[in-house]
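A.B. asks: Residue numbers (the numbering used here), protein chains in the order written: chain A, 2 to 192; chain B, 775 to 1494.
Please note: incorrect hints may appear among the correct ones.
Said to hold, decoys possible - Taking lysine to any residue pairs in the SDA-like style, the calculated list, with each CA pair at most 25 Å apart, reads:
{"hint": "1", "chain 1": "A", "residue 1": "Lys13", "chain 2": "B", "residue 2": "Leu1387"}
{"hint": "2", "chain 1": "B", "residue 1": "Lys1465", "chain 2": "A", "residue 2": "Ser33"}
{"hint": "3", "chain 1": "B", "residue 1": "Lys1424", "chain 2": "A", "residue 2": "Gly107"}
{"hint": "4", "chain 1": "A", "residue 1": "Lys187", "chain 2": "B", "residue 2": "Val1417"}
{"hint": "5", "chain 1": "A", "residue 1": "Lys63", "chain 2": "B", "residue 2": "Ile1444"}
{"hint": "6", "chain 1": "A", "residue 1": "Lys13", "chain 2": "A", "residue 2": "Leu99"}
{"hint": "7", "chain 1": "A", "residue 1": "Lys11", "chain 2": "B", "residue 2": "Phe829"}
{"hint": "8", "chain 1": "A", "residue 1": "Lys13", "chain 2": "B", "residue 2": "Gly1135"}
{"hint": "9", "chain 1": "A", "residue 1": "Lys13", "chain 2": "B", "residue 2": "Glu787"}
{"hint": "10", "chain 1": "A", "residue 1": "Lys188", "chain 2": "B", "residue 2": "Glu1147"}
{"hint": "11", "chain 1": "A", "residue 1": "Lys63", "chain 2": "B", "residue 2": "Arg1386"}
{"hint": "12", "chain 1": "B", "residue 1": "Lys794", "chain 2": "B", "residue 2": "Ala846"}
{"hint": "13", "chain 1": "A", "residue 1": "Lys187", "chain 2": "B", "residue 2": "Arg1386"}
{"hint": "14", "chain 1": "A", "residue 1": "Lys187", "chain 2": "B", "residue 2": "Lys1184"}
{"hint": "15", "chain 1": "A", "residue 1": "Lys9", "chain 2": "B", "residue 2": "Ile1444"}
{"hint": "16", "chain 1": "A", "residue 1": "Lys137", "chain 2": "B", "residue 2": "Ala1336"}
{"hint": "17", "chain 1": "A", "residue 1": "Lys187", "chain 2": "B", "residue 2": "Gly1100"}
{"hint": "18", "chain 1": "A", "residue 1": "Lys188", "chain 2": "B", "residue 2": "Leu1166"}
{"hint": "19", "chain 1": "B", "residue 1": "Lys1213", "chain 2": "B", "residue 2": "Leu1129"}
{"hint": "20", "chain 1": "B", "residue 1": "Lys1184", "chain 2": "B", "residue 2": "Gly1100"}
{"hint": "21", "chain 1": "A", "residue 1": "Lys188", "chain 2": "B", "residue 2": "Ile992"}
{"hint": "22", "chain 1": "A", "residue 1": "Lys13", "chain 2": "B", "residue 2": "Arg1445"}
{"hint": "23", "chain 1": "A", "residue 1": "Lys188", "chain 2": "B", "residue 2": "Lys1213"}
{"hint": "24", "chain 1": "B", "residue 1": "Lys1465", "chain 2": "A", "residue 2": "Asp14"}
{"hint": "25", "chain 1": "A", "residue 1": "Lys63", "chain 2": "B", "residue 2": "Ile1394"}
Hints listed in this document are in silico derivations from the structure and should not be mistaken for laboratory results.
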Amino acid sequence: MSTATANKLKVKDIITVVLLALINVVIFFASSVLYATPITIILMPVFFALLEGIVYFIIGTKVKKPGAIFIYSIVRAIMGGYLPYIILFILSGVIAELLLRKMGYGNGKALTISYVLNQVLAAFGSTIIPYGIAAKAMADQMVTDGRQDTILAASEMLQSWMSVALAAGVIVAALIGAAIGRGIVKKHLAA
Amino acid sequence: MIDFEFEFQYAGEKRPTLQKIGGSIPAGRCVVLCGGSGCGKSTLLRCINGLIPQFYEGTLKGFCRLNGQDTADMRIGEIGELAASVFQDPRSQFFTVNSSGEVAFGPENHGLPQDKIRQRVDEAFRIFHLERLKNSNVYALSSGERQLISILSAWAMDTDIFLLDEPTANLDFAATQQLKQILMALKAQGKTLLLSEHRLYYLTDIADEYWVMADGEIKGKYTAAEAKAFSAAQRQALSLRTLDLAEISVPEKEPLAKTAPTALAVSDVRYTYGRKAGDTLSGVSFSVREHEIVGLVGANGCGKTTIGKLIAGLYRPSGGRITLFGKPQNPTQLQKQVLFILQEAEFQFFTSSVLHELQYGHGVTPEFEAKTEALLKSMDMWDCRNRHPFSLSGGQMQRLTLMMAYLSDKPIVILDEPTAGQDAESLERCAALIRQMRKEKTILIITHDSELIAGACDRCIGLSGGRAEAEFSVQSEQNLQAVLRYMERFRPSDAPAKKQHKERFHPVTKLLYWLALLVVISTSDNHLVYATYAALILLTAADGWFGTALAGGMGFGVLWAANVLVPGTVFSFLLVLFPRIIAVGISMRTLIGRNEASRTLAALRNLHLPERLIMIAAVIFRFFPVLSGDMKLLRQSIRTRGVFTSPLQKLRALPSYLEILTVPMALRVIRIAETLSASAETRGIDLTCRKSNYLSLRFSAWDAVFCILLAASIAAGLIL
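Using the sequences plus the hints, can you model the full thing?
C.D. replies: Quick look at the structure:
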């Protein structure tokens, strides 16, 4: 068997990646109750960054082939059901593939860097952008309702420091999530 | 006709799994491969169907000829045109969500013309008298019905040879009888059958020969008459289970103390699933005495597992009372005293080795270590003590869960089908361990395994019509025959499976809505969002999703009214967010709910999207609901093992909690992926030929109307 063929994704690899990605989708949907209030929405990316590292690292370690993380990104993106999120998640998949190609498939550092990037971009797609859009839409809504005075409350939520703080929180959480993922892989898939 | 000679060693293994092994099976004959777990039966089938070495890598020597054709240079899918495969787990070998679509899956992959596929699918359901299962949602079918669908899927490949790997491993008594009828029909059609099986009693009228395997070799080939004449000692020496249920003997059991008090009393317990009409359990009453082992038998779907989970506190009864040691208990109290061992063993492993799994949650004293060592040795698992639980075979996993029950501190244990897929020797070990467990615990076994009932149970309770309707002592062969006669009454439901909804829209129309919503909700234009959302709600209602449409419409209406009546940031925010969050979800539901997943996939294929992309979509559509259900099982497993009982505990040990919440799921899906892709590969998913569609899709006036509505809504939203 040639290396090129051995390194190509087989049916089993694709199915494995898709099913593993679906675990993170299930976690994502199970946690969607966090969308209920403006405050908990902000915490969502931090929460997901902590949680999703396990599956990400299992995929990166179990299927050390070009395209695995990209397929993961496509599945997670599409199931997110929001255009900016889809675009940014797929972009993170492309960056991850480039990193892995350069540093080696299954490489721990490459997986960590790509995971952190993935979570930061996902945070923009899932929270910062829609939150901004929602706040703008809410302001429009209030204007329509004749309640311009409360626009101030909405614009406060758009303070840029919040985005920066959120991105910083996501990076820290993603690093912890990556460490948990690496640890789990070492413990359960080392053989 | 099958001719083969193999030697095989899995990559990474130190010893060959198959020694030099060979055989020839003439056309129209049925051969049963039997022998203890791990003797190489499944590996031999994999060598014949080509999964070895193309799917499972290793070093293969030898040859295989199917109907005279050498398979050496064939792809797995091409071998599938000569020999169809049926796998043991009907829960994970399906690629689609619709029974007819599943039967059509192989012919579609081989690019057969649509009319031919339709003809073959219709014929498959007709000749096996299974029309009632046609065009059904596979989630709504029992394990037995799913296994029948997998056999029809194999039949639709139009091959002369059938390879079946433990087809009854997950089937109950009645489903096994139905499978027997199907196998007899296949044999009558002149098909060549090669089965690997532990359970042999149902094969006596079908098998021509039994090939007994051990250590990767065929140790003996016996005619049906020779096998039937085996004495109990001969069967035991060959690790074979009984060939005749009438011959099962009941060992002498230590009698229960006459004064033994009641440990468990179930009084008029009722339970209803969801909001469905009628109770699943309509007043179950029975009691179990301390240190008694009671078997719970009943037809598939009669509520055996449900009553077990009620007793374990995993469900809350809708009525009645459960008493332990004379005191009524609520679900939380029950969870602390009752251990429920799930049939799905892999949901119950939280650590990285067999030994750690047994030690989990216990204080590891020298006495406990000695007890664990003795236990592992008695169950023939000592050599596996450092292996990861997920690397074990299905039978070994079952034995591990049984050992966990044995070591548990809880006084009451419920075992759900603990011997599925066990060979004769393992079954005997399991029965012995359960008997030993009896010294410290009271045990309820949900089972349809007559050999386990004979070897372990003191008594049996028959569940039917939502009630405990019969009771049998199991102290003699006569008693056992009475239980068997009772079990023979169970029949798989003849009720037609729930038919699929009649579709109104072409999936492309719904895809258009989905795409439009993806774009629209990414804007801050409220009018545009509200207008498109309104169009979606109308489409959802027109498509027959009345509940979803009503909830979506009412939810938005309530928020709108609240925002008008109580103006403020919160309601404004929720009003803006609500349609943006749920619109795509509703749209997805119309695309993949009910029978729509198959139609959407057919539409994607008609759009000439890459097959790899369609495969990804198929897996998402098929498994997303399954994994949500699996998550529930995992949570039940965590609760019954008594780990992380409070939110504070979860927070304190967050990494460990995340680990047990995610890792068993991940390792399970890796196993599912293996079975699913093996099943799909044998049915030609990886063939490069142009694939065809079983379903024909047509645009209707409804599509035109709703496409115009979508365009009008977007235009109105933009203008306003």
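A.B. asks: Now tell me if each hint is right for this structure.
C.D. replies: Cross-check of the supplied hints:
{"no.": "1", "hint": "A:Lys13 <-> B:Leu1387", "result": "holds (14 Å)"}
{"no.": "2", "hint": "B:Lys1465 <-> A:Ser33", "result": "violated (38 Å)"}
{"no.": "3", "hint": "B:Lys1424 <-> A:Gly107", "result": "violated (30 Å)"}
{"no.": "4", "hint": "A:Lys187 <-> B:Val1417", "result": "holds (23 Å)"}
{"no.": "5", "hint": "A:Lys63 <-> B:Ile1444", "result": "holds (9 Å)"}
{"no.": "6", "hint": "A:Lys13 <-> A:Leu99", "result": "holds (23 Å)"}
{"no.": "7", "hint": "A:Lys11 <-> B:Phe829", "result": "holds (9 Å)"}
{"no.": "8", "hint": "A:Lys13 <-> B:Gly1135", "result": "violated (36 Å)"}
{"no.": "9", "hint": "A:Lys13 <-> B:Glu787", "result": "holds (21 Å)"}
{"no.": "10", "hint": "A:Lys188 <-> B:Glu1147", "result": "holds (23 Å)"}
{"no.": "11", "hint": "A:Lys63 <-> B:Arg1386", "result": "holds (20 Å)"}
{"no.": "12", "hint": "B:Lys794 <-> B:Ala846", "result": "holds (17 Å)"}
{"no.": "13", "hint": "A:Lys187 <-> B:Arg1386", "result": "violated (31 Å)"}
{"no.": "14", "hint": "A:Lys187 <-> B:Lys1184", "result": "violated (33 Å)"}
{"no.": "15", "hint": "A:Lys9 <-> B:Ile1444", "result": "holds (18 Å)"}
{"no.": "16", "hint": "A:Lys137 <-> B:Ala1336", "result": "holds (20 Å)"}
{"no.": "17", "hint": "A:Lys187 <-> B:Gly1100", "result": "violated (48 Å)"}
{"no.": "18", "hint": "A:Lys188 <-> B:Leu1166", "result": "holds (16 Å)"}
{"no.": "19", "hint": "B:Lys1213 <-> B:Leu1129", "result": "holds (23 Å)"}
{"no.": "20", "hint": "B:Lys1184 <-> B:Gly1100", "result": "holds (16 Å)"}
{"no.": "21", "hint": "A:Lys188 <-> B:Ile992", "result": "violated (38 Å)"}
{"no.": "22", "hint": "A:Lys13 <-> B:Arg1445", "result": "holds (10 Å)"}
{"no.": "23", "hint": "A:Lys188 <-> B:Lys1213", "result": "violated (36 Å)"}
{"no.": "24", "hint": "B:Lys1465 <-> A:Asp14", "result": "holds (21 Å)"}
{"no.": "25", "hint": "A:Lys63 <-> B:Ile1394", "result": "holds (19 Å)"}
Hint compliance for this structure: hints 2, 3, 8, 13, 14, 17, 21 and 23 are not met, and every other hint is.
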